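Asks: Listed below, chain by chain, are the residues.
There are 2 protein chains.
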Amino acid sequence: MNKIFPNIGSERETDRLMFSLVHAAHELERRYEEALSIEGLTGPKFAALSKLVQAGHSLGLGELADELTCVRSNITQLVDRLEADGLVVRAVDHADRRTVRAAVTEIGMQRQIAGAKQVEKLLDALSKACSGVDLEAFERALSCLQVEQGVDR
Amino acid sequence: MNKIFPNIGSERETDRLMFSLVHAAHELERRYEEALSIEGLTGPKFAALSKLVQAGHSLGLGELADELTCVRSNITQLVDRLEADGLVVRAVDHADRRTVRAAVTEIGMQRQIAGAKQVEKLLDALSKACSGVDLEAFERALSCLQVEQGVDR
DNA sequence: CCTGCATTATTCATATATGAATAAAATATT
DNA sequence: AATATTTTATTCATATATGAATAATGCAGG
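From first to last, the protein sequence lines stand for chains A and B. Count the first sequence with the working numbering and you get residues 1 to 153, in order. Count the second sequence with the working numbering and you get residues 1 to 153, in order.
The set of hints was computed from the structure by calculation and includes no laboratory data. Heads up, some of the hints might be wrong.
Under the rule of at most 20 Å between Cα atoms (straight-line distance), these lysine to aspartate or glutamate pairs were calculated in the EDC-like manner [what the hints assert, rightly or not]:
#1 A/Lys128 with A/Glu13
#2 A/Lys51 with B/Asp15
#3 B/Lys128 with A/Asp15
Computed far set for chain A versus chain B, every beta-carbon distance over 10 Å [stated by the list, open to error]:
#4 Lys51
#5 Asp80
#6 His94
#7 Gln110
Fair warning: this is a prediction, and the values are worked out from it, not measured in the lab. The beta-carbon is built from N, C-alpha and C at its ideal position, and this holds for glycine as well.
Start from the sequences, fold in the hints, and give me the full structure.
Replies: In structure tokens form, the structure reads like this:
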């Protein structure tokens with residue numbers, strides 16, 4: 001659902017800009033998910049696999065949650081699904097029995113590589129499409145949205 | 001979760017740009033949801049209310065699904081929640097007994113107005129923050145992502 | 001008029017996200 | 001050492017999203 005900024009009739013230039021920005025990002029995400037689906041992956045699954053592959057060793061579920069900036073219960077479920085897919089296994093932590101570690105399997109590693117190839121292909125295409133764009137100006141424009149990080153929790 | 005483009009180590013300029021774009025959009029959405037939460041609303045709830053208020057009359061759930069570009073089962077649930085909040089009521093369609101209509105209540109209308117005020121405030125702030133930005137260049141840059149709409153269903 | 005097809009909303013299964021409540025284990029404090 | 005606190009993952013409730021299967025109604029063609 002395009003739940004962002006339902007047109008209330010605002011005609012301001014910057015309002016349309018915000019809308020375009022969000023729309024472009026959603027389109028990007030859609031293509032990203034589409035690319036990963038070729039390898040039977042989703043964004044979250046690929047992200048978790050990538051963190052594990054990058055790390056080069058198993059990670060505690062809490063670490064993984066931090067890396068993926070999400071709450072722990074989310075990771076519990078995500079690892080459940082990854083485990084069901086055979087891409088990851090849970091392992092005990094001998095140093096701390098509270099901790100559950102996630103270790104990528106051989107299949108998981110191959111799948112991550114395959115996913116990364118699809119993402120690379122997408123980024124190549126996007127790179128070409130953006131060849132004529134003034135990246136500096138774009139980056140500068142985006143930075144103005146980054147201010148005021150909101151309240152702290 | 002920041003599930004998009006987990007840093008695989010790509011150093012290409014455009015890759016970082018895509019990441020920035022998605023990140024900026026998510027930040028925008030976060031602030032949008034934050035603004036609406038002041039009035040006890042969420043993005044989807046506000047979007048549905050807005051469509052109903054805009055229409056000026058009740059809408060069939062299918063129409064609402066089209067307006068919000070989502071599947072019908074989604075609307076069934078959303079209207080369930082809006083009805084539980086007392087912001088919307090289901091009504092029969094006398095012309096077609098298959099159709100269920102959603103009608104905004106008095107409270108729902110007030111809530112939509114309150115939500116719109118908060119969104120307006122946010123957009124004002126953003127508009128000011130983007131005062132120095134070359135909107136033309138930004139729009140042009142965004143347009144390059146819009147191409148290739150992918151496969152049709 | 002009946003039969004088959006299309007359309008409508010709902011239900012169900014699933015994926016993803018959050019946050020509160022819980023249980024188990026580690027650590028700190030008395 | 002016993003107790004209290006913190007940290008860990010899980011479970012549960014909830015919100016949002018999708019898509020398949022279902023049930024009810026409408027409609028077209030015979």
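Asks: Does each hint fit the structure? Answer for all of them.
Replies: Now the hints, each set against the structure:
1. Taking the CA atoms of A/Lys128 and A/Glu13, the gap is about 28 Å. The hint is violated against a cut of 20 Å.
2. The straight-line distance between the Cα atoms of A/Lys51 and B/Asp15 is roughly 18 Å, inside the 20 Å bound, and the hint therefore holds.
3. Pair hint B/Lys128 plus A/Asp15 holds up; C-alpha atoms about 11 Å apart against a cutoff of 20 Å.
4. With a least CB separation of 6 Å from chain B, A/Lys51 falls inside the 10 Å interface cut-off, contrary to its annotation.
5. Distance check on A/Asp80: its Cβ is at least 15 Å (rounded) from any Cβ of chain B, clearing the 10 Å threshold; non-interface status holds.
6. In this structure A/His94 is separated from chain B by more than 10 Å, as the shortest Cβ-Cβ distance comes to about 28 Å.
7. With a minimum CB-CB distance of about 16 Å to chain B, A/Gln110 clears the 10 Å threshold, and the non-interface call stands.
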